[in-house]
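Could you slot chain C onto chain R? The hints should help.
So the sequences go chain by chain: R and C.
Under the UniProt record's numbering, the first residue of the first sequence carries the number 1, and numbering increases by one thereafter.
Under the UniProt record's numbering, the first residue of the second sequence carries the number 1, and numbering increases by one thereafter.
Source of the hints: derived by calculation from the structure; they are not laboratory data.
Don't take every hint at face value.
[To be verified] Short, incomplete list of chain C residues facing chain R, as computed with Cβ under 10 Å:
| # | residue |
| --- | --- |
| 1 | K335 |
| 2 | E424 |
| 3 | Q484 |
| 4 | L579 |
Remember, it's a predicted structure, so these values are computed and weren't measured experimentally.
Ideal Cβ positions, reconstructed from N, Cα and C, are used throughout, including at glycine.
Number of protein chains: 2
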Amino acid sequence: MELSMEKRNFYKADLRDFEFLLWEQFPKFAEILAHPRYSKCSDADISTILQRGQTFAYQHLGPSYQSSDEQGCQLIDGSVQLPREYPELWQRFQQDWGDLANDDRDDASPLPPMVMQMLLEMFMGAHPSFMTYGGFCLPSATLLERYGSALQQQLFKHKLATSQWTSCLALTEPQAGSDVSLVKTRGSRQEDGTYLLQGEKYLISAGMHDLTDNTVYFVLGRGEQSGDGTFGLSCFIVPKYWVEEDGTQGEFNHVECVALADKMGFKGCANTHLTFGKNGPCRAYLMGERENVGLLQFLTLMNQARISTGVYALGMASSAYLNALHYSSTRLQGKRFQESFNPRADRVNIIEHADVQRMLLEMKSKVEGCRALIARLTLSESYLSIYQQDVDKEQECTHHQGLMNLLTPVVKAYISDQAWRICELAIQTCGGQGYLKHTGIEQYARDIKVLSIWEGTNFIQSQDLIRDKLGMGNQSKLYRIYQQQVDATLARASDFPALKPLVEQLTLSYQHLDQCLQQVGQWVKSKQLERIPTFSTRILHLMGDVTIGWLLLDGAMAATSALTQADKKHSDAFYRGKLHSAQYFILNELPRSAFTLAVVSNDDASHTMASEQWQDLIAGVNG
Amino acid sequence: MELSMEKRNFYKADLRDFEFLLWEQFPKFAEILAHPRYSKCSDADISTILQRGQTFAYQHLGPSYQSSDEQGCQLIDGSVQLPREYPELWQRFQQDWGDLANDDRDDASPLPPMVMQMLLEMFMGAHPSFMTYGGFCLPSATLLERYGSALQQQLFKHKLATSQWTSCLALTEPQAGSDVSLVKTRGSRQEDGTYLLQGEKYLISAGMHDLTDNTVYFVLGRGEQSGDGTFGLSCFIVPKYWVEEDGTQGEFNHVECVALADKMGFKGCANTHLTFGKNGPCRAYLMGERENVGLLQFLTLMNQARISTGVYALGMASSAYLNALHYSSTRLQGKRFQESFNPRADRVNIIEHADVQRMLLEMKSKVEGCRALIARLTLSESYLSIYQQDVDKEQECTHHQGLMNLLTPVVKAYISDQAWRICELAIQTCGGQGYLKHTGIEQYARDIKVLSIWEGTNFIQSQDLIRDKLGMGNQSKLYRIYQQQVDATLARASDFPALKPLVEQLTLSYQHLDQCLQQVGQWVKSKQLERIPTFSTRILHLMGDVTIGWLLLDGAMAATSALTQADKKHSDAFYRGKLHSAQYFILNELPRSAFTLAVVSNDDASHTMASEQWQDLIAGVNG
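Chain R with its partners taken away, still in its complex shape (with noise of 0.2 Å):
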């Protein structure tokens, strides 16, 4: 296919929101760099790497984004041809980037999480597609030293935290989706320990390619003797060419790709469907050696990539968000509306227009939160770098295990929700010009698409958080945690009479929170279970738009204190801006929570129609 577009980087990074968060709006962040981990790193060093990952971003990640769209990916002969300019990236991208949180490096200290979130947000911002390939490189290397022998720890972890291979994830099968208890991969085990491996998999990201020697599938499957359900799950490892015990690179492992599925956006990511040993033996390491712990196993990666689908999601959303604000800026339309009636009044460049500047407002907070929640998760695993291996601190670490493990679903969750909106937002606020290719903004809408999808949808999140997170009421720990970093800020808020109105609305908020979840909590006691799915999802969208306000207050109070310093990192500008997210998300948004706890909170019976008035309707269409 011939390629008409121009290669031209659309990715905008904001790399002063990230110096504030690190710096102003999270100061605790030095104390995690004060620690002997984190020796070799600097200020000027975090800096100047960002900027680095920015630059790389732009010249090297952006160009190819929307080529790649064009190109998609063929299956030609069994094998899975990637857009062209794929390997040469991906030479630049292991040399440049490949090892960065390997912790066994000796010339440079790993990177805190904080940091290198917001490095990969540049990077899966500026090329989501691309980014799926090296994706569970690092996650599946934490796993093999988590639960993997000694021998494929030995194997493995090495070339996968250098990014020499590539790791895949491999669970979802036809009639395994969301429900992954009806996976039927099977694995026989042989007389040396490893297993003979059976089965297909299907809509696996980046299942097949070229890039590197080898590829590692990490596949859920079963053991012969394991039984049905999700107690009867473990997890094979599976590389494309077999790797012996002495580490030298063996035969072909009959993994084999199929089909590709053609899909609304991510086309650069082969959506592959796969078969294991369909045409010869294909070989399996056990996890660790242990069968039917496979789920426990996978929740290690699977709450990496998790975190990740929120960073892809805030990355772009970012991006679309700084396209449409850079296009308002420039195009000539219209006269201001209170001069709507003067014929010699100067047209004005559309960001004048007050719906356009609703809109702007509404991308600029969201996006702006949804990178402070993500930087606050990451600060919480950043503090767990540096204080697991330390007795004293077991508190800390329960504590912030507990706010990370609470936040996960909902950085997924509402982050790719709220993506699709801002690229909503984004689109509209260019008018004609939004819908256009060329502008290149209708990609990252077809691309963020499917965050609300993979790694569990969106409602499979809600069921985590409420179920799990949240005990199915207030009572929790974790929620206990979440209460603790939420009154410390509106204690602290007291200070800040400028902000009372936030305030206010956001303590109002923060209760129909608490009181939706002790409806849920009522509906126990009750035994009105089935109230609980229906109204999970709205629960979950609270808890972020909660959330959301709480750390723009946050930083609405970082700002107010930079603003009155004489030795500002930042323009005024730039400050007076973050008291703005914070004001119009708190004052325009929030206010949604009185009418979730309203919904919430009656008694109405309408929520699920019976199956025969569905089989009626169904028949009725096509008939």
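Just chain C, lined up with the frame of chain R:
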């Protein structure tokens, strides 16, 4: 380009809902049908023609929907190549449906507008891109009838009314999008009374094709002596091949396509950049031989185009919903929530899951509500079709014209915005499958996105609603007409005790709308006019919600009555489904009105940010 898609019809229509609206929810439709104008059109004829329309949509339009998206349009040596199915499809369409609304036919009476729009919903939902080519035939025939000279009517009206030629609307220029006052195309008057046109038009839908022997462009431009601004605009009639006064077709008239824009969707609709008179003389007739009244003349076309936009949105969104419904009733995944922990519980189709039901009910209620809205508008249009020649019916005409005028921007903007949301839910309902092309839903989302932009952005619609239709307050004549309608429904509803909770919520939300409009009136009095555009999008959405709530309640009353009758047209399940739609929407969506009112009423000043702040932000990002 090779076609990888099978030719499958994805489109699904809901004929029962049409029948319900025509014969049960709006029994006054019978009054219209009893008028001599429709003497040749019986109830049975209408059912037959709707059935025939569905068959045509399923068998001819639907099957090339996806293929036309894959092929798109190409500009080859100045000629626009459409998807290969179009010429044959056009022949068939023109033959079967081309003169449906041609009043001059002898053999059959015209169809009432209410029925016409139902047919168009199916055609536009089944293949929106294709339908753009003939979309302006009837409205421009009406335009000629209203404003054209005798000669112009004679030359063009019949050809357009019978779809022998097509019509194309050309307003936008690169520098004049939402702001048509910036249009630069110029016509200079010749001695023979025709004009020579010079100019270019941009983002013109279906702007060039060879489906018909000729295309008539209705071009917004200026006479040589005309001033700047909107009052200097004229409407030029520009045939692609000149048409002599005796009706013979003359030479090529130098309307040329210089570029096609590549876009997110609607790919079978050529998005053209046209030049007029660039490489040779381009002659034009001046509409009605009157300069400087072009914008007024175009309003006829624009109003029809705005209603059509709502119909496109409804047709596609309805099919997206019905496809998702069908999928959810066949996809086995997961157990019932109450049996989550029962290892022997059966898997159920996902339609049994509460969150899927939430999405289906949101889609169902919105689709049915939007369809009722278009039906209500076209009921008034149908009244006008029988009353407008009747001097005794002046008052009725004022009433119906007023309601149409008021509802038109709501139909355009509210339905197009809701349609995007419905597609989001339809994709989500189908999970990973929803993101794949072979499921057919993602294309609806991509196609629908333009509808919030074209024919006046949705913000422009909200300005029209609040400024021109509602008179910036709650005192306008059109609003009185609207209130009469809603009040009458609420009064009748007191006979239906089972609907009491719905009546209460609708009454409350209707008050909220009124309070928002009062607030708008207050801003006018206190000279805070700039607040109006800040909130007009939100107020339009609120008015849409209330209107949908009103019409769904109205439908619920009709369904309740039907259920008590021995001789029902449809199944009990169908009528109970109508009740469910009303209940779900009114109790789960309509309470949002309190949120809108709260935001409109608060005295927050964060709605705009100063230009310097935005500029600082842009500089910070690009730097």
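Going down the list of hints, with the structure as the test:
no., hint, in the structure
1, K335, "8 Å, holds"
2, E424, "6 Å, holds"
3, Q484, "29 Å, violated"
4, L579, "8 Å, holds"
Taken one by one, the earlier hints fail for this structure only at number 3.
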